[in-house]
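Q: Following this note's numbering, the numbering of the sequence shown begins with 3 at its first residue and continues without gaps.
Check the hints yourself; a few may be wrong.
With a cut-off of at most 20 Å between alpha-carbon atoms, the simulated SDA-like pairs for lysine to any residue come out as follows [as the list claims (entries may be wrong)]:
1) K170 / L158
2) K221 / S265
3) K75 / K221
4) K170 / I232
5) K79 / A147
6) K272 / F86
7) K75 / A155
8) K75 / R99
9) K79 / E231
10) K75 / E177
11) K75 / I232
12) K79 / R123
13) K272 / Q169
14) K272 / A147
15) K272 / A74
16) K75 / Y138
17) K75 / K170
18) K221 / D121
19) K272 / D200
20) K75 / A88
21) K75 / D200
22) K272 / V229
23) K272 / E231
24) K79 / D126
25) K272 / A89
26) K75 / N85
27) K75 / Q117
28) K170 / R99
29) K221 / N85
30) K221 / D126
31) K221 / D200
No lab work stands behind these hints: they were computed from the structure.
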Amino acid sequence: MTKQSDLTWRLTDKVVSKIPFGPNKKRSDMISKLVATAKKHVSTAAVCLCAAASTIADQANAQENTMIRFIAKFDVKPSERENFVAALRNVRDGTAREEGALGWDMYVNTDDPNQFWVDERYRDDTAVEFHQSQPYIVALADLSAQALSGPPAGYLLDLPIHSAGQQKAATAQDEPMMLFFIVPMADGTRQQIIDRLDTHVPLTRQEVGNLMFDAFTLKSDPNTVLVHEIWRTPAALWDEHFSQGYAQETGALLSELTGRDLSSLMYVVKSLE
Numbered sequence: 003m004t005k006q007s008d009l010t011w012r013l014t015d016k017v018v019s020k021i022p023f024g025p026n027k028k029r030s031d032m033i034s035k036l037v038a039t040a041k042k043h044v045s046t047a048a049v050c051l052c053a054a055a056s057t058i059a060d061q062a063n064a065q066e067n068t069m070i071r072f073i074a075k076f077d078v079k080p081s082e083r084e085n086f087v088a089a090l091r092n093v094r095d096g097t098a099r100e101e102g103a104l105g106w107d108m109y110v111n112t113d114d115p116n117q118f119w120v121d122e123r124y125r126d127d128t129a130v131e132f133h134q135s136q137p138y139i140v141a142l143a144d145l146s147a148q149a150l151s152g153p154p155a156g157y158l159l160d161l162p163i164h165s166a167g168q169q170k171a172a173t174a175q176d177e178p179m180m181l182f183f184i185v186p187m188a189d190g191t192r193q194q195i196i197d198r199l200d201t202h203v204p205l206t207r208q209e210v211g212n213l214m215f216d217a218f219t220l221k222s223d224p225n226t227v228l229v230h231e232i233w234r235t236p237a238a239l240w241d242e243h244f245s246q247g248y249a250q251e252t253g254a255l256l257s258e259l260t261g262r263d264l265s266s267l268m269y270v271v272k273s274l275e
């Protein structure tokens, strides 16, 4: 490999690695600056390669940014649990056949067998409209009127804080634990909480025991953040993560700003087959 071609590949890697995957960053400005730098140091071919890498990254990010993700929580009357679970399974099976559906996963709270969570992902608005018109959704809505013990909670996800991450693979020795963490933000605390999570997220992802850690602002409620976490084992969260200095700092700040016991905002769930 020549000195110039080596520089080409290193610069291409720099372009891809420096462009933040998240709609909350000024990606186009950063791309322009990096390609301008390329023009000063390498050949036209290298600049084209860098621009191509940027375009690929933009296309992938654009597809990610058009995805619609919605998380819902249902509290069900004990007497209606069996009927509600059957309805959820019908929705899951029907949604799997929808072309525009990217995923529809359902969970049950490990501490409350009558609380259910659904994580829905769709390609675009058209896919959502199609999904909502299907008979199994109408049936679920009809059943909910009598089966729920209270109003459902819905969370329409907006921008990821720090950018969405990639889930690590679990091993045969792992006992994965998933949870949703709902953080309310009072007036005047929003930016402080988001800034702290922007620091917290990448540090958590570096932990060996963490499989996934994503935090999102919400389109449905700008004063709430939803955190979705997966850990290799319960101990990886309760013992290892919470012993980290940065995690303790985040916990203390969130407790102070929300005025809440953070454990009351955490919902540990498991897959519902």
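Q: Decide, hint by hint, whether the structure agrees.
A: Going through the hints against the structure:
no.: 1; hint: K170 / L158; verdict: 24 Å, violated
no.: 2; hint: K221 / S265; verdict: 24 Å, violated
no.: 3; hint: K75 / K221; verdict: 16 Å, holds
no.: 4; hint: K170 / I232; verdict: 9 Å, holds
no.: 5; hint: K79 / A147; verdict: 11 Å, holds
no.: 6; hint: K272 / F86; verdict: 17 Å, holds
no.: 7; hint: K75 / A155; verdict: 5 Å, holds
no.: 8; hint: K75 / R99; verdict: 23 Å, violated
no.: 9; hint: K79 / E231; verdict: 27 Å, violated
no.: 10; hint: K75 / E177; verdict: 24 Å, violated
no.: 11; hint: K75 / I232; verdict: 18 Å, holds
no.: 12; hint: K79 / R123; verdict: 27 Å, violated
no.: 13; hint: K272 / Q169; verdict: 16 Å, holds
no.: 14; hint: K272 / A147; verdict: 25 Å, violated
no.: 15; hint: K272 / A74; verdict: 15 Å, holds
no.: 16; hint: K75 / Y138; verdict: 18 Å, holds
no.: 17; hint: K75 / K170; verdict: 25 Å, violated
no.: 18; hint: K221 / D121; verdict: 15 Å, holds
no.: 19; hint: K272 / D200; verdict: 27 Å, violated
no.: 20; hint: K75 / A88; verdict: 16 Å, holds
no.: 21; hint: K75 / D200; verdict: 26 Å, violated
no.: 22; hint: K272 / V229; verdict: 16 Å, holds
no.: 23; hint: K272 / E231; verdict: 12 Å, holds
no.: 24; hint: K79 / D126; verdict: 33 Å, violated
no.: 25; hint: K272 / A89; verdict: 18 Å, holds
no.: 26; hint: K75 / N85; verdict: 16 Å, holds
no.: 27; hint: K75 / Q117; verdict: 7 Å, holds
no.: 28; hint: K170 / R99; verdict: 27 Å, violated
no.: 29; hint: K221 / N85; verdict: 31 Å, violated
no.: 30; hint: K221 / D126; verdict: 15 Å, holds
no.: 31; hint: K221 / D200; verdict: 18 Å, holds
The structure does not agree with the numbered hints 1, 2, 8, 9, 10, 12, 14, 17, 19, 21, 24, 28, 29 stated previously, though it agrees with the rest.
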